[in-house]
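Asks: Turn these sequences into a full structure, and let the hints steer you where they fit.
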Amino acid sequence: MDDNKIIELYFKRDENAVSQTKECYGKRLKVLAYRILRNSEDAEECENDTYMKAWESIPPQKPQHFFAYLARICRNTALKMVEKQKAEKRSAVIVELSQELSECLPDTNSMEETSEQELGEIISTFLKTVSKENRIIFVRRYFLSETISDISKALGISESKV
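Residue numbers (this note's numbering): 39 to 200.
Rather than coming from a laboratory, the hints here were simulated on the basis of the structure. It is possible that some hints are incorrect.
Stated by the list, open to error - Here are the simulated EDC-like cross-link-like pairs (lysine to aspartate or glutamate), alpha carbons at most 16 angstroms apart as the crow flies:
(1) K68 to E79
(2) K118 to D80
(3) K199 to E171
(4) K43 to E53
(5) K118 to E156
(6) K43 to E121
(7) K118 to E82
(8) K65 to E82
(9) K68 to E82
(10) K100 to E171
(11) K65 to E46
(12) K91 to E53
Replies: Put into structure tokens, the structure is as follows:
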């Protein structure tokens, strides 16, 4: 089933929307959550929370890019779970990514003032200025939270190039 039909099911409040979403995107969402949480049970919980949050937000939201919308919900949910756990030793992946991005993102005060749509436009504008390979690396690293090693293997390039 295509994304527009699934979104129509959400607007009709048809519970099949959730099962269709899971069928189409469940594995990808769970992998995304697992890369952040590093725990299968937590990743499954995060995946299910993503479906619930999508159900609660559609309507009124009508996402243009459904998987990107779901992935954003999933990623934010997973990051909140990490914060909530307040582990003594934070996940090295999250800390590393935050440090890498801190140099190119504005401070938190201005981030609060920037809407998600504006941030998306800023990132899209940036991605249009870099090569296709660098766009792929950026999305895999900062949106999908893949390791440098995984990206280099998938793209057949050295880790230093990532």
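Asks: Could you tell me which of the numbered hints above are not met by this structure, giving the numbers in increasing order?
Replies: 5, 6, 10, 11
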